[in-house]
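Visitor: Residue numbers (the working numbering), protein chains in the order written: chain A, 1 to 400; chain B, 1 to 297; chain C, 1 to 282.
Hint data in this document are derived by calculation from the structure and do not stem from the laboratory. Hints may contain errors.
Below 27 Å or equal to it, Euclidean Cα-Cα: the simulated BS3-like pairs (lysine-lysine) are [unchecked claim]:
| hint | chain 1 | residue 1 | chain 2 | residue 2 |
| --- | --- | --- | --- | --- |
| 1 | A | Lys256 | A | Lys170 |
| 2 | A | Lys78 | A | Lys308 |
| 3 | A | Lys382 | A | Lys348 |
| 4 | A | Lys170 | B | Lys52 |
| 5 | B | Lys52 | A | Lys361 |
| 6 | B | Lys52 | A | Lys78 |
| 7 | A | Lys390 | B | Lys52 |
Partner residues aside, some chain B positions facing chain A, computed with beta carbon under 10 Å [as the list claims (entries may be wrong)]:
| hint | residue |
| --- | --- |
| 8 | Thr55 |
| 9 | Ser57 |
| 10 | Ala80 |
| 11 | Ala152 |
| 12 | Ile154 |
| 13 | Gln225 |
| 14 | Gln267 |
| 15 | Trp268 |
Where a beta carbon is used, it is the ideal one built from N, C-alpha and C, also for glycine.
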Amino acid sequence: MARWALAPLALIAGLAIAACGSSSGSSESGGSKEASSGTIPVTFVADQTGLVSYVGEKVIAGMKLAVEEINSSGELGKRKIVLSIANSNSDTATATTQMAAAVKSNAVAVFGPALSAEALATAPLAQRAKVVDIGTLSEDTGFLPIGNYIYRLTCSQLRYDPLIVEHVAKLGLKSTKIVYASDNPTLSEETTEHMVPELEKAGVKVQGTVGVPSTTTEFSSLATKLESGNPESIGLMVVGAANPDLITALRHSGYKGVIWGEQSATAGALVPAGELANGFFYAVDYTESLPYESSKKFTELFKQKHPKEIPYGYDANGYDAMKAFAKAVSLEGSGPVTRESVLKGMQKEAASGGFEGASGKTIFVGPEHRDIAVPGVLVEWKDGAEHIVKLGTPGLEQQQ
Amino acid sequence: MLQQLINAIVFGSVLTLFSLGLSLAWGTLDVLNLAHGAVFVFAGFITYELTKDSTMSFVPTLIVASLAAGAVTLALELVAFRRIRLHFPARRQAELSMLVVSVGAATVIGEVVSHQTSEAAFSPPASAFSIHRYSLGGSVGITNIQILIVVAAIIVAVALDQGIRRTRYGRAIRALAYDPTTTQLLGVNVGAVAAATMFLAGALAGLAGVMLAIYLGGEEVATGQDYLLTAFAILIVGGVGSIRGAIVSAYLIALAETAVVAYGPSQWRDGVAFLLILVMLLVRPQGLFARRRFQRA
Amino acid sequence: MSAAPLLEVRDASVRFGGVHALRGAELSVSTGSLCGLIGPNGSGKSTLVNVISRLTKLTGGALLMDGDEIDSLSADRARAAGIARTFQTVRLLPSMDVLANVMLGGATHFAQRSVAVNWLWPPRRANANRTARQAALVALERVGMAAHAHARPQALPYGQQRRVEIARALASRPRLLLLDEPTAGMSHHEREEVGDLLMELRREGLTQVLVEHDLAMIHRVCDHAHALNFGRVIASGSTQEVAADPGVREAYLGHGSSGERAQDSERAQESGPPESPAKVSQ
Ligand SMILES: Nc1ncnc2c1ncn2[C@@H]1O[C@H](COP(=O)(O)OP(=O)(O)OP(=O)(O)O)[C@@H](O)[C@H]1O
Ligand SMILES: [Mg+2]
């Protein structure tokens with residue numbers, strides 16, 4: 001083998017191993033827990049380690065917060081939720097194994113992993129075992145149609161992104177250019193199918209869209225390209241470090257217009273850009289200063305538990321998934337909780353107007369009301385924190 | 001147009017700084033150090049740690065972080081690569097083991113950094129280095145950090161090229177690359193030269209890491225992987241082990257990628273590097289600046 | 001053999017897997033002598049040179065220089081201690097010119113502790129570089145190759161490449177010079193010249209070990225000789241005595257039959273550049 005042939009090989013090996021991330025982590029699957037009438041066993045197949053462990057950890061934290069609150073408040077009477085966490089290692093095969101064990105256990109409901117590949121692979125197991133599977137994945141293509149036991153307790157960003165369009169129009173910005181992560185199907189589709197037509201409809205001229213692979217590490221040429229034609233605003237539909245990097249590159253190359261984005265900019269992603277990110281706005285399902293009672297309650301609990309951290313969407317999603325589950329249980333009376341009763345409870349909850357969670361009043365939407373809609377909120381980043389610009393209403397997109 | 005040319009030159013300089021160390025280690029010691037990207041990010045992380053409370057100014061930070069990156073690579077050499085070389089006299093076997101070790105090291109360094117930064121992108125505060133933009137007429141301009149990157153790349157490239165050609169250390173390195181056994185018989189302490197080389201390679205990655213941490217808005221562990229990918233293209237296009245080849249192909253790839261972003265479908269920019277690799281392998285597999293090197297049976 | 005021995009090899013044995021390349025070889029080289037080493041192909045001559053230059057580890061026995069054990073030295077330290085050598089097949093670096101190759105031979109400073117100081121302090125570094133260059137030019141002058149200082153080694157005829165190798169060894173100002181068939185592939189005239197050079201070096205007091213198949217050459221330049229066969233020294237003494245030894249005659253008469261083994265040895269032991277011409281058999 002020639003020497004150069006080693007390089008691609010090595011790369012593949014390198015990337016594969018790097019992608020696998022850390023150790024395979026221990027799972028704490030609660031397979032054979034005794035389900036006495038006093039306990040409500042549930043299992044969360046979580047991305048505790050691996051590629052999206054940063055999501056998994058936060059969702060787990062939010063979920064645990066809700067379990068503590070529910071168990072100590074007595075809102076389920078004497079019954080206590082017992083949460084087992086099974087580590088999927090952000091890996092579809094592991095997730096499937098863990099889900100198979102979870103549905104065989106006495107868990108009355110399961111919470112699925114965040115990556116869509118994992119969610120799609122694991123949901124059929126829950127559906128077949130007739131156990132409610134509550135997903136916290138961001139997009140639902142193909143997930144909810146898997147069956148009537150499948151719920152998704154994270155609101156699609158499509159439901160609150162209209163807030164962005166509305167704000168761009170309200171600021172009187174006449175033109176925009178959008179850069180999007182070309183290898184991210186969600187963001188690509190969101191950009192071309194939703195943002196562009198809606199901005200145009202709102203009277204904002206879209207001068208062009210620019211796709212970039214998320215492996216990009218050089219942004220100056222992109223910034224020059226985006227600036228040409230002097231658009232009054234530039235939209236970033238990108239993930240990870242690309243948000244602060246693009247803001248930095250645009251500002252350093254002298255761009256003076258407005259820069260806006262979408263929810264990937266949350267959770268401190270803009271911190272590296274420092275002051276340059278001031279004025280950047282985007283829409284999210286949850287932000288620290290949401291004024292709703294149920295949101296304040298979550299924020300307060302979170303701050304007590306993690307005084308040094310700022311709560312963001314993923315924490316809220318975990319919390320809300322558990323809150324929705326608890327409400328479903330309580331709607332089914334004080335008897336023993338079974339898989340069937342959980343389903344009935346979820347259906348009742350969906351029909352009766354949803355629940356109040358960290359994101360505010362959350363309603364169930366979609367064909368069989370197994371998806372949710374939150375009010376959403378438009379925030380502006382300023383000096384290291386999100387500031388509320390405008391509150392949304394649940395189901396906003398249905399009114400458009 | 002002019003602005004994009006400036007962008008390309010700056011990007012080429014970044015790539016030069018990043019890939020010279022990799023090229024040096026691969027060309028002379030057969031170490032395909034896949035931890036190079038991680039070491040690069042590690043230096044950015046050190047920069048962030050040293051400056052986040054505005055405790056250290058730019059120049060000392062640059063020195064400390066580069067040395068730290070050099071030290072990490074040196075440690076890898078002493079702990080792993082050297083032992084592997086002694087343990088497997090057969091080149092190919094040693095190469096493969098070193099590859100695997102460097103992947104492991106990359107993972108460990110990456111995990112440490114991402115744990116320390118809670119997996120978020122990080123960047124030194126604006127106070128660490130205040131960026132100014134100088135207008136060159138119209139909308140064309142260049143920032144001070146961009147100038148610094150270009151100047152650093154030129155200095156490093158010339159110094160390394162001349163150092164390898166003209167100094168005793170350079171001769172020792174070239175001899176070592178060709179035939180380690182004979183080189184040792186000629187009185188060269190090959191262990192020391194290898195250690196110095198790996199330290200230098202790491203420090204160069206560090207230098208690039210510090211400047212990039214300031215230049216980019218934010219660095220994350222994946223940034224290093226992405227640069228590594230492009231650096232491989234550079235090494236193959238330039239010819240393995242050729243310092244001049246690496247420099248020329250770094251600017252070439254930067255120019256090509258910038259052109260694609262500026263005038264073509266920008267999502268294909270990664271494709272450019274791989275297209276160049278492919279064309280190179282078909283047309284001139286030894287690279288632009290092939291270094292005759294001796295291949296053992 | 002009146003002077004104290006500079007180098008002593010005691011009961012040296014080297015095994016390569018099943019091959020016993022040296023089995024109890026004894027050798028003593030007195031200071032200032034020019035010692036010949038003869039023996040049929042595969043008898044262990046190169047192995048002995050490899051052992052002395054610390055390329056090959058002893059499986060048994062001892063190696064002493066000035067009465068001190070040196071068998072644990074690394075090759076570069078041995079060079080720093082004054083042991084320099086040439087190779088049976090030329091090992092010059094094609095990517096450098098002749099001068100740079102010879103300067104590399106004077107690179108023993110990498111074995112010294114002051115490397116860092118030399119390297120970090122530019123005047124010292126420049127000075128060291130100048131000194132190395134000077135030494136290299138002097139060495140090239142000695143072998144009559146100064147005019148070719150900037151030629152590429154592979155552009156030179158084989159005989160001249162060999163001389164560059166000798167210059168490279170001399171550049172480090174060794175105390176002991178090991179020459180592994182330095183005249184192989186040379187014309188008669190060139191051999192004479194190299195012979196003259198070796199004798200001149202000897203007059204200057206340089207101790208040398210010369211591996212050579214050409215007995216006439218041995219007679220001309222050496223004061224004494226050792227004959228090796230199957231990894232053992234079978235005869236030593238004056239060159240006439242060794243040449244007249246019945247065991248040596250026997251070994252050399254059986255020379256033809258060991259042809260196959262000789263080829264093996266070449267393949268196994270020499271890892272020189274592929275462009276080196278095949279060893280010219282005498
Ligand atoms: N690295 C090695 N591995 C295995 N066997 C070896 C090695 N080097 C030498 N040998 C064997 O050791 C024996 C002695 O070899 P050596 O090269 O010392 O002989 P030589 O006297 O120099 O012969 P020639 O006149 O052909 O140069 C041979 O049988 C050879 O095959
Ligand atoms: Mg020999």
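Visitor: Decide, hint by hint, whether the structure agrees.
Guide: Here's how the hints hold up against the structure:
no.: 1; hint: A/Lys256 to A/Lys170; verdict: holds, 18 Å
no.: 2; hint: A/Lys78 to A/Lys308; verdict: violated, 33 Å
no.: 3; hint: A/Lys382 to A/Lys348; verdict: violated, 41 Å
no.: 4; hint: A/Lys170 to B/Lys52; verdict: violated, 37 Å
no.: 5; hint: B/Lys52 to A/Lys361; verdict: violated, 39 Å
no.: 6; hint: B/Lys52 to A/Lys78; verdict: violated, 49 Å
no.: 7; hint: A/Lys390 to B/Lys52; verdict: violated, 32 Å
no.: 8; hint: Thr55; verdict: violated, 17 Å
no.: 9; hint: Ser57; verdict: violated, 17 Å
no.: 10; hint: Ala80; verdict: violated, 16 Å
no.: 11; hint: Ala152; verdict: violated, 16 Å
no.: 12; hint: Ile154; verdict: violated, 18 Å
no.: 13; hint: Gln225; verdict: holds, 6 Å
no.: 14; hint: Gln267; verdict: holds, 3 Å
no.: 15; hint: Trp268; verdict: holds, 8 Å
Comparing the model with each numbered hint stated earlier shows that hints 2, 3, 4, 5, 6, 7, 8, 9, 10, 11, 12 do not hold.
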